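> Let the hints inform the model, and build the full structure from the sequences given.
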Amino acid sequence: MTTALLLVGCVAIWAFLAWDAPIDRYQGVIQKILYVHVPMAIGTYLGFVCTALGGALYLWKGDERWDRFALSSAEIGVLFAVLMLISGPIWAKGTWGKWWSWDLRLTVTLLLFFVYVAYLLLRSFTEGSERAARFAAVYGIAGIALIPLNYFAIKIAAGRSIHPENLGGDSLGAGMRWPFLMGMVAMVAVFAFLLVRRMEIGRLRAEQSRRRALAGREEAPWASS
Amino acid sequence: MWLAVARGQRVSQAAHAIEARGLTRHFGPLVALHPLDLDVPCGSTLAVLGPNGAGKSTLLRLIAGLARPSAGTIHFGATGHEGPADDRMARRRRIGLIGHATFLYPALTARENLILAGRLWSVDDPEARATELLEEQDLRAAADRTVGGFSRGMAQRVAIARALVHDPAILLLDEPFTGLDPTAADRLTEQLAAARDGGRTAMLVTHDLSRAAALASRTLILHHGVARSLAPDALSCRESLDAAYREAIASPAPS
Amino acid sequence: MKILWTLLWKDLLTEWRSRDRLVAMLVFALLVVVVLYFAAPPGQGDTAREHIPGLLWVAYVFTIVLGLSRSFGMELENEALSGLALAPVDRGWIFLGKAGANLALVLIMQAVTAFAFALAFDLNLWPIALPLAAVAFLGAVGLCSLGTLFSAMAVRTTNREMILPLLMLPLMVPVVLGAVQATRGLIAEGTVPFSALQLLLVTDGVFLIVSFLGFEYVLDE
Numbered sequence: 006m007t008t009a010l011l012l013v014g015c016v017a018i019w020a021f022l023a024w025d026a027p028i029d030r031y032q033g034v035i036q037k038i039l040y041v042h043v044p045m046a047i048g049t050y051l052g053f054v055c056t057a058l059g060g061a062l063y064l065w066k067g068d069e070r071w072d073r074f075a076l077s078s079a080e081i082g083v084l085f086a087v088l089m090l091i092s093g094p095i096w097a098k099g100t101w102g103k104w105w106s107w108d109l110r111l112t113v114t115l116l117l118f119f120v121y122v123a124y125l126l127l128r129s130f131t132e133g134s135e136r137a138a139r140f141a142a143v144y145g146i147a148g149i150a151l152i153p154l155n156y157f158a159i160k161i162a163a164g165r166s167i168h169p170e171n172l173g174g175d176s177l178g179a180g181m182r183w184p185f186l187m188g189m190v191a192m193v194a195v196f197a198f199l200l201v202r203r204m205e206i207g208r209l210r211a212e213q214s215r216r217r218a219l220a221g222r223e224e225a226p227w228a229s230s
Numbered sequence: 100m101w102l103a104v105a106r107g108q109r110v111s112q113a114a115h116a117i118e119a120r121g122l123t124r125h126f127g128p129l130v131a132l133h134p135l136d137l138d139v140p141c142g143s144t145l146a147v148l149g150p151n152g153a154g155k156s157t158l159l160r161l162i163a164g165l166a167r168p169s170a171g172t173i174h175f176g177a178t179g180h181e182g183p184a185d186d187r188m189a190r191r192r193r194i195g196l197i198g199h200a201t202f203l204y205p206a207l208t209a210r211e212n213l214i215l216a217g218r219l220w221s222v223d224d225p226e227a228r229a230t231e232l233l234e235e236q237d238l239r240a241a242a243d244r245t246v247g248g249f250s251r252g253m254a255q256r257v258a259i260a261r262a263l264v265h266d267p268a269i270l271l272l273d274e275p276f277t278g279l280d281p282t283a284a285d286r287l288t289e290q291l292a293a294a295r296d297g298g299r300t301a302m303l304v305t306h307d308l309s310r311a312a313a314l315a316s317r318t319l320i321l322h323h324g325v326a327r328s329l330a331p332d333a334l335s336c337r338e339s340l341d342a343a344y345r346e347a348i349a350s351p352a353p354s
Numbered sequence: 002m003k004i005l006w007t008l009l010w011k012d013l014l015t016e017w018r019s020r021d022r023l024v025a026m027l028v029f030a031l032l033v034v035v036v037l038y039f040a041a042p043p044g045q046g047d048t049a050r051e052h053i054p055g056l057l058w059v060a061y062v063f064t065i066v067l068g069l070s071r072s073f074g075m076e077l078e079n080e081a082l083s084g085l086a087l088a089p090v091d092r093g094w095i096f097l098g099k100a101g102a103n104l105a106l107v108l109i110m111q112a113v114t115a116f117a118f119a120l121a122f123d124l125n126l127w128p129i130a131l132p133l134a135a136v137a138f139l140g141a142v143g144l145c146s147l148g149t150l151f152s153a154m155a156v157r158t159t160n161r162e163m164i165l166p167l168l169m170l171p172l173m174v175p176v177v178l179g180a181v182q183a184t185r186g187l188i189a190e191g192t193v194p195f196s197a198l199q200l201l202l203v204t205d206g207v208f209l210i211v212s213f214l215g216f217e218y219v220l221d222e
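Sequence order for the protein chains is A, B and C. Just so you know, we're using the numbering used here here: the first sequence kicks off at 6 and counts up by one. Just so you know, we're using the numbering used here here: the second sequence kicks off at 100 and counts up by one. Just so you know, we're using the numbering used here here: the third sequence kicks off at 2 and counts up by one.
By construction, these hints were calculated from the structure, which means they are not laboratory data. A quick note: this is a predicted structure, and the numbers were derived from the prediction, not measured. Mixed in with the good hints there might be a few duds.
Said to hold, decoys possible - Here are some of the chain B residues that sit facing chain A, going by a computed Cβ distance under 10 Å:
| id | residue |
| --- | --- |
| 1 | Leu129 |
| 2 | Val130 |
| 3 | Arg167 |
| 4 | Ser169 |
| 5 | Thr172 |
| 6 | Phe276 |
Heads up, the beta-carbon is just placed ideally off N, CA and C, and yes, glycines get one too.
Below, the structure is given as structure tokens:
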């Protein structure tokens with residue numbers, strides 16, 4: 006209950022600050038997408054890094070909780086990525102005048118999004134939860150190796166970028182920093198909240214199917230050959 | 100190599116070739132094998148019996164290292180002539196598995212399949228060993244035909260030869276009589292008896308109670324993934340084993 | 002090392018006996034070249050010619066995805082892969098053997114496709130045949146290493162034909178980028194840009210290491 010209140014509080018403050026923030030002199034009101042877009046991007050990367058990390062720890066320790074951590078992170082990461090891929094082009098259309106640009110950061114993120122969608126598909130196509138977990142862990146780790154490679158690759162291939170390079174405090178106008186930082190805090194809180202809940206669901210599901218299997222086994226004794 | 104194994108095992112009669120503790124396997128939610136403690140003494144043949152789906156093949160695959168246990172440990176007693184007993188490579192070198200599947204490449208001939216296995220197990224002279232095994236399994240005429248065209252019984256004979264290529268100290272046999280004609284089945288029984296008398300350890304999964312009674316020195320019955328042992332005197336003849344088996348699987352499944 | 006040759010011998014002998022995978026790959030690659038010709042006919046201008054290296058690699062990538070999807074097919078009949086897993090052989094060798102056999106098939110396919118491509122698009126590739134082969138080889142190493150790892154996974158999923166391209170394509174991008182850059186440099190100026198070469202080598206290295214290490218977890222049940 007308290008966590009829920011805390012969460013709602015965080016998001017409410019974030020929304021208020023974003024509402025209250027000054028309107029950008031050049032871009033107009035559309036610049037406020039910043040307060041949504043950047044936290045979503047951070048959440049996406051956080052999700053995917055956690056997926057690879059959880060996968061690596063699962064392979065190492067063999068504890069299925071790490072697998073649930075990886076799976077939950079991937080799902081949340083994909084969710085954030087979808088929101089980012091929606092908010093980004095809207096902002097881009099408003100400021101750059103086009104929905105999409107094949108620049109470095111956009112391309113890498115898009116590829117990463119595909120990698121983790123494939124990750125989720127791989128899991129749903131693999132039978133036997135333990136094998137699914139192992140395959141997915143390997144794929145998740147391979148996926149994260151893609152980030153540096155792709156940055157390298159696309160830098161060579163494409164070169165120029167119109168996406169802002171860094172978003173430190175300096176590049177933000179007066180009054181924009183607090184809503185921006187609050188967005189980060191709220192996003193991390195939402196991420197952690199979703200992660201914990203999703204892991205709990207995973208645990209309950211595993212528990213339920215285990216019980217169901219036991220119960221079914223008692224009701225229907227196997228025919229002897 | 101084979102004599103060394105036999106001698107080593109005779110000296111330490113009490114040693115266990117296989118020691119499993121709390122061995123468990125889940126397939127997702129399904130429990131294929133409940134925690135199982137198992138000791139197989141060196142030089143003994145253990146018959147593993149039970150209805151279909153009882154977890155017999157799962158047990159063999161776990162011991163062979165083809166599947167990972169969800170919990171529990173397996174130790175392989177030292178046979179005195181190889182490196183650390185629990186080293187994975189040493190385990191693989193020591194085990195011969197005849198599985199449900201034949202493990203053969205259909206596009207290769209019987210001889211090539213055996214040579215491949217011989218090279219994988221670093222047998223001294225794979226070509227000679229392959230010829231020897233083909234003779235043993237009465238496959239000389241079919242040796243240079245591709246396995247893809249073989250009947251189940253002939254393929255099974257190649258599979259048996261493949262499992263024996265490195266003269267393993269521990270034989271894991273999952274229904275090895277599948278598809279064999281009576282002559283070949285008798286020959287395999289003889290070979291297994293000879294192996295047992297020579298001090299090799301074996302686990303034999305079968306539905307053929309008379310062959311089990313003839314070969315085994317102990318029995319393990321798996322039912323719903325739970326193991327129970329039978330009194331040794333059940334093995335005195337086929338009828339007593341049959342009666343004991345029926346009694347064991349008639350009891351209700353544990354929760 | 003002897004084990005690697007043994008495994009390669011087994012794979013290549015099997016491939017040679019049936020030949021259906023190689024033939025399927027070659028026919029598919031040639032069909033892709035034909036389709037590409039009609040989809041993007043080479044114009045006279047330089048801009049149209051600029052796309053040719055990309056088109057060549059499109060043909061390569063699609064054919065490799067198709068070909069690798071069957072690379073563990075023969076291992077599944079009779080569970081031969083389990084039989085391999087039983088052997089006292091390092092999993093790394095099993096991976097390298099399989100990847101090596103795949104690489105051999107892919108190299109043949111690449112040579113034939115490049116030849117057909119040159120005919121279709123009226124290119125003279127002879128003067129740059131050797132460096133082009135080297136670039137194709139470097140690209141194939143990267144594609145085959147991850148591809149072998151993923152096909153070992155895909156073959157044991159329920160939707161194996163669908164999942165392999167989805168797994169492979171997003172991760173193939175750095176290799177494809179490097180290879181296309183290198184090929185473009187070769188066709189335009191006769192030299193391979195250093196940055197492209199560097200990219201190919203780095204990705205090959207990373208992918209080889211990842212697949213080599215990952216294979217152990219994919220092979221065991």
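> Compare the structure with each hint and give your call.
The hints, checked one at a time:
1. Leu129: holds (5 Å)
2. Val130: B:Val130 check passes; min Cβ-Cβ to chain A is 7 Å, inside 10 Å.
3. Arg167: holds (8 Å)
4. Ser169: holds (8 Å)
5. Thr172: violated (13 Å)
6. Phe276: Since the shortest Cβ distance to chain A is 15 Å, the answer is violated.
Of the numbered hints listed earlier, those contradicted by the structure are 5 and 6.
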